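Q: Start counting the sequence shown at 0; every next residue gets the next number (numbering that gives the first Met the number 0).
Hint data in this document are derived by calculation from the structure and do not stem from the laboratory.
Check before you lean on any hint, since a few could be wrong.
Unchecked claim - In the SDA-like style, the derived pairs of lysine to any residue whose C-alpha atoms are separated by at most 20 angstroms in a straight line are:
#1 Lys-369 x Glu-331
#2 Lys-369 x Thr-358
#3 Lys-369 x Asp-219
#4 Lys-76 x Glu-97
#5 Lys-280 x Ile-298
#6 Lys-369 x Leu-145
#7 Lys-280 x Ala-290
#8 Lys-274 x Gln-286
#9 Lys-369 x Ala-205
#10 Lys-274 x Asn-252
#11 Lys-369 x Arg-195
#12 Lys-280 x Tyr-311
#13 Lys-76 x Thr-122
#14 Lys-76 x Gly-59
#15 Lys-369 x Pro-139
#16 Lys-76 x Ala-98
#17 Lys-280 x Thr-263
#18 Lys-274 x Thr-263
#19 Lys-369 x Pro-217
#20 Lys-76 x Pro-42
#21 Lys-369 x Asn-300
#22 Lys-369 x Phe-257
#23 Lys-369 x Ser-332
#24 Lys-274 x Ala-292
#25 Lys-274 x Thr-233
#26 Lys-274 x Ser-232
#27 Lys-274 x Pro-302
#28 Lys-76 x Arg-46
#29 Lys-369 x Ile-142
#30 Lys-369 x Gly-327
#31 Lys-274 x Asn-300
#32 Lys-274 x Asp-230
#33 Lys-76 x Thr-39
#34 Lys-369 x Thr-233
#35 Lys-76 x Asn-60
#36 Lys-369 x Arg-166
Note that the coordinates shown come from a computational prediction; the quantities given were computed from them, not determined experimentally.
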Amino acid sequence: MNLAGVVVLACAPAACAPSAQPADDLVVQDVDELVAQAVTPLPEDLRAGATVVTYDPETGNRNVLRQGTNFAECQPKNADTGFRRCHSTASAPRRDLEATLRAEGQSGEEIGAALAAAREAGTLPAPPQGMMRYRLYDEPDRIQHLWVMSLPGATSEMIGVSTTAQRDASLAGQGLPWLMRDGTPGAHVMIPINPRPSESTISDVASDDIAQAVLPLPEDLRDGATVYTYDPSTGERIVLRQGTNYVECQPRNPETLFTRCRHTVTGPRRDLQAKLRAEGKSAEEIQAAVAAALEAGTIQNAPFGTVSYRLYGNDDRIRYLWTMSVPGATAESIGVSTEGQRDSSLRGEGLPWLMRAGTPAAHIMIPINK
Numbered sequence: 000m001n002l003a004g005v006v007v008l009a010c011a012p013a014a015c016a017p018s019a020q021p022a023d024d025l026v027v028q029d030v031d032e033l034v035a036q037a038v039t040p041l042p043e044d045l046r047a048g049a050t051v052v053t054y055d056p057e058t059g060n061r062n063v064l065r066q067g068t069n070f071a072e073c074q075p076k077n078a079d080t081g082f083r084r085c086h087s088t089a090s091a092p093r094r095d096l097e098a099t100l101r102a103e104g105q106s107g108e109e110i111g112a113a114l115a116a117a118r119e120a121g122t123l124p125a126p127p128q129g130m131m132r133y134r135l136y137d138e139p140d141r142i143q144h145l146w147v148m149s150l151p152g153a154t155s156e157m158i159g160v161s162t163t164a165q166r167d168a169s170l171a172g173q174g175l176p177w178l179m180r181d182g183t184p185g186a187h188v189m190i191p192i193n194p195r196p197s198e199s200t201i202s203d204v205a206s207d208d209i210a211q212a213v214l215p216l217p218e219d220l221r222d223g224a225t226v227y228t229y230d231p232s233t234g235e236r237i238v239l240r241q242g243t244n245y246v247e248c249q250p251r252n253p254e255t256l257f258t259r260c261r262h263t264v265t266g267p268r269r270d271l272q273a274k275l276r277a278e279g280k281s282a283e284e285i286q287a288a289v290a291a292a293l294e295a296g297t298i299q300n301a302p303f304g305t306v307s308y309r310l311y312g313n314d315d316r317i318r319y320l321w322t323m324s325v326p327g328a329t330a331e332s333i334g335v336s337t338e339g340q341r342d343s344s345l346r347g348e349g350l351p352w353l354m355r356a357g358t359p360a361a362h363i364m365i366p367i368n369k
């Protein structure tokens with residue numbers, strides 16, 4: 000990337016801090032503009048505290064344009080790819096090593112092998128269970144705003160996410176998240192951030208209960224989903240259609256107006272809750288019973304990264320919401336803001352955010368703008 004007229008500092012990651020302010024006002028303006036441009040992939044509340052870096056293409060040395068205060072680290076637009084990218088600072092050692100190896104002229108295969116060897120030797124930290132990264136692109140031939148959640152080893156069956164690519168739908172502003180590199184160390188969920196639609200295309204109306212119940216799902220998961228309800232007097236499960244995949248759905252709840260689909264691994268938990276509710280147990284009693292069953296191993300928690308789906312027919316709540324379970328995750332550990340996006344989501348401009356950070360119930364809210 001051309002940094003003519005910009006003063007930067009080449010240093011090792013542990014010692015990266017600007018040592019002097021450039022004297023020329025034009026240079027300061029150039030740096031400020033570069034920093035402001037680099038952080039645009041992030042939610043607004045993370046931008047002011049993000050570190051901004053480049054890498055010297057000849058040496059691979061890290062050049063710090065601004066030392067930040069939070070967990071986000073960004074690079075200005077890459078002149079070759081057109082991408083602006085932001086990552087968690089936890090992954091900085093990996094990017095530093097990649098830059099050094101690239102400057103040495105090593106191939107992509109050689110760099111991959113060197114990274115794997117460094118992880119095995121313990122000189123490079125193992126990738127965390129989940130980590131968000133951010134990408135922005137200005138032209139219409141690629142997804143313009145994309146978040147990517149790293150979930151090493153995750154499979155479609157494990158986390159309940161389709162592997163059907165959504166690139167074309169995303170280019171049309173209608174994209175849904177999908178899983179790539181299923182079952183590999185590089186598995187990740189692509190989360191396209193659709194622009195605000197001129198008019199919402201989201202509906203919870205269908206011809207019958209089964210067709211309505213599966214509306215929260217991507218189209219390729221609907222035909223194979225189980226559909227069921229509960230008998231309110233006994234809590235017994237009533238199967239309306241037995242499915243063939245890993246997702247099960249309930250028709251619209253007449254009281255809450257929510258239509259929900261979840262991974263089948265969480266079915267025993269909901270069955271227990273339904274029976275306790277039918278027995279007249281309080282919310283506190285049900286919560287305690289679920290906790291005891293989890294501890295006893297009679298029901299299971301969903302795997303890290305498992306997604307559930309929710310649809311709502313009116314405008315006073317988020318109409319279309321996916322929720323990714325990330326037990327124990329904090330903003331720092333996965334690189335996701337905790338600033339709520341409810342109001343933005345109601346306007347069709349919502350971004351994902353982390354709720355109940357640091358608890359077993361931590362989850363990422365992913366509003367779908369369509």
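Q: Check each numbered hint against the structure and report the violated ones by number, ascending.
A: 1, 2, 12, 13, 17, 21, 23, 27, 30 and 34
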